[in-house]
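K.L.:
With the hints as extra help, turn the sequences into a complete structure.
Now for the letters of each chain:
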Amino acid sequence: MTEGSHEEIQSTVGRTIERVARESYGRLVAYLSVNTHDLAGAEDALSEALVAALTTWPRDGVPQNPEAWLLTAARHSLIDVIRHHQVALQSEPTLQFLRESSTEAAVSTTFQDERLKLLFVCAHPAIDPAMHTPLMLQTVLGLDAARIAQAFLIAPKTMGQRLFRAKTKIRSGGIPFEIPQEHDLPERLEAVLEAIYAAFGIGWDDMVGADQRGRDLAEEAIWLARVLLQLMPGEAEVQGLLSLMLHCEARRPARRSPDGRYVPLSAQDPKQWSLPLIEEAESHLGEAFKLGRSGRFQLEAAIQSVHAERARTGYTDWAAVALFYKKLIRISPTLGARIGYAAAAAEASGPETGISVLDAIELEGVTNYQPYWAVRAHLLQRLGKTREASDAYDRAIGLAEDPAVRQFLLQKRS
Amino acid sequence: MQFALLIYHSPEEFAMRKNDYNDPHLGAWRAYYKALVEAGVYVGANALELPETGTTVRLREGKRGVQDGPYADTKEQLGGFIILELSSADAALEWAARCPGASIGAVEVRPLAPEVMRRGFTG
Chain A
1 MTEGSHEEIQ STVGRTIERV ARESYGRLVA YLSVNTHDLA GAEDALSEAL VAALTTWPRD
61 GVPQNPEAWL LTAARHSLID VIRHHQVALQ SEPTLQFLRE SSTEAAVSTT FQDERLKLLF
121 VCAHPAIDPA MHTPLMLQTV LGLDAARIAQ AFLIAPKTMG QRLFRAKTKI RSGGIPFEIP
181 QEHDLPERLE AVLEAIYAAF GIGWDDMVGA DQRGRDLAEE AIWLARVLLQ LMPGEAEVQG
241 LLSLMLHCEA RRPARRSPDG RYVPLSAQDP KQWSLPLIEE AESHLGEAFK LGRSGRFQLE
301 AAIQSVHAER ARTGYTDWAA VALFYKKLIR ISPTLGARIG YAAAAAEASG PETGISVLDA
361 IELEGVTNYQ PYWAVRAHLL QRLGKTREAS DAYDRAIGLA EDPAVRQFLL QKRS
Chain B
1001 MQFALLIYHS PEEFAMRKND YNDPHLGAWR AYYKALVEAG VYVGANALEL PETGTTVRLR
1061 EGKRGVQDGP YADTKEQLGG FIILELSSAD AALEWAARCP GASIGAVEVR PLAPEVMRRG
1121 FTG
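Protein chains in written order, with the numbering used here: chain A, 1 to 414; chain B, 1001 to 1123.
Everything labelled a hint here was simulated from the structure, so no lab data went into it.
One should not assume that every hint holds.
Cross-link-like lysine to aspartate or glutamate pairs, in silico, EDC-like; alpha carbons within 16 Å at most [said to hold, decoys possible]: (1) K1034(B) x E388(A); (2) K1075(B) x E1013(B); (3) K1034(B) x E401(A); (4) K412(A) x D1023(B).
Over 10 Å on every C-beta distance to chain A, these chain B residues come out as not near it, computed from the model [stated by the list, open to error]: (5) M1001; (6) E1013; (7) F1014; (8) G1040; (9) P1051; (10) T1055; (11) V1057; (12) L1059; (13) R1060; (14) E1061; (15) R1064; (16) V1066; (17) G1069; (18) T1074; (19) L1112; (20) V1116.
Cβ-to-Cβ under 10 Å is the rule here; a few derived chain A residues that face chain B [unchecked claim]: (21) T367; (22) Q370; (23) Q411.
Where a beta carbon is used, it is the ideal one built from N, C-alpha and C, also for glycine.
P.N.:
Below is the structure:
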């Protein structure tokens, strides 16, 4: 074999492994951990299987069913670990499962998709809500702790420790790998949706410079929502979340000018929005409405849908935006929703209305909440209260993380 | 808990210090300090003179070593520090990310060690 062809094989195999890992990671981790209740163990076993694939596949060729190969390899590695630790007594059922299924999996091409159970485990109420999204990103998508730490602005070592603790809790705390009962489902599903949306939000905010990590994370979140929709096609809020994220994603190209300056939504050129994404978002929202169960994510998607209308009509129906925000606040009175309402009400009925909405928010909660100060500064400026506006701009500038946003606000202040 | 934000400047950012009062970068710094104070987390801060004004002293085997310039010869140099009172390291990283210095140079977050000080050991 010549050097060149060897390298070629290596890189083809490398790409295949990458693709299989990307598509199958979550399914394999889910399948293994549902049966063993050991997330960290399942991940370790799978990464060992992937390493084994890197050495075996270039030599013997890529197996016909790479996923089944990885599953078998991961199982063997799990069996080894269990034997090694001599915990056979308590893990006898697990061992039994691993032995039984390792022979049949070698021949069968499909295995049960258990990702839904895994998603519910990651967003279980017994786990710190701040860890729901990181757990999901790691166990379902296979992102490493360092990358997750970047996105969450947490020291990588700390993130690694927190993920480890959460997994230990899952293993020893008796968190069941199951789809919640009917009466728990709405609340439990909400937590799963929140976690996916949080990943998207981080990706969304994180557009600093040429850094691609934010963009990736938003894409990962959309991918997760698609997986979830596939697993729960009849849930209106899943459709709503996907619609919301697609609407936002459609506007990504318009959020920065060619020279990297921040462009607020109202100043964006709708010609730069992605029509196919808007159409897809609209169709999911339509599906959601048909199911006849309103919810937070559908309302947020509806707000984005009104904004998207500008591509067709040339103007924004701010009264409609304000109305949807009002409904949203009734079921989910978050700071973000209340500030969104203030901004929309100001556009619909004048800046005084917007300011009075902002004034009703207790100051303690917004001390470090940048959007509050940005909207407040804008409205005060429109009212001609220059001094107060300039103070509010300072707060918004001081709290901004994105240099493009900071620059935009500095310009507006002066 | 108290944390130090150690702000490392590139040569370009050191040069920006001479900019006009209305310079946007300086405006961003002023706004940042205002936000720190309003948030009630500000303990203290100061800027350091340019790295080349530094002198580094060492004593080895009874011999004095005196060297022009800063301790480490790196492109980015310590330009100043901010001390903050915060509830967690997570919050400290959040403030570090908002620091205008983070988007040009780098900001290192280090917890202060008052118990080490109390035992009489400085540094």
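K.L.:
All the hints need checking, so say for each whether the structure fits it.
P.N.:
Verification of the supplied hints:
| no. | hint | in the structure |
| --- | --- | --- |
| 1 | K1034(B) x E388(A) | 14 Å, holds |
| 2 | K1075(B) x E1013(B) | 11 Å, holds |
| 3 | K1034(B) x E401(A) | 15 Å, holds |
| 4 | K412(A) x D1023(B) | 14 Å, holds |
| 5 | M1001 | 14 Å, holds |
| 6 | E1013 | 13 Å, holds |
| 7 | F1014 | 18 Å, holds |
| 8 | G1040 | 8 Å, violated |
| 9 | P1051 | 24 Å, holds |
| 10 | T1055 | 33 Å, holds |
| 11 | V1057 | 33 Å, holds |
| 12 | L1059 | 35 Å, holds |
| 13 | R1060 | 34 Å, holds |
| 14 | E1061 | 38 Å, holds |
| 15 | R1064 | 39 Å, holds |
| 16 | V1066 | 37 Å, holds |
| 17 | G1069 | 30 Å, holds |
| 18 | T1074 | 22 Å, holds |
| 19 | L1112 | 17 Å, holds |
| 20 | V1116 | 20 Å, holds |
| 21 | T367 | 5 Å, holds |
| 22 | Q370 | 9 Å, holds |
| 23 | Q411 | 8 Å, holds |
Consistency note: the structure conflicts with earlier hint 8 alone.
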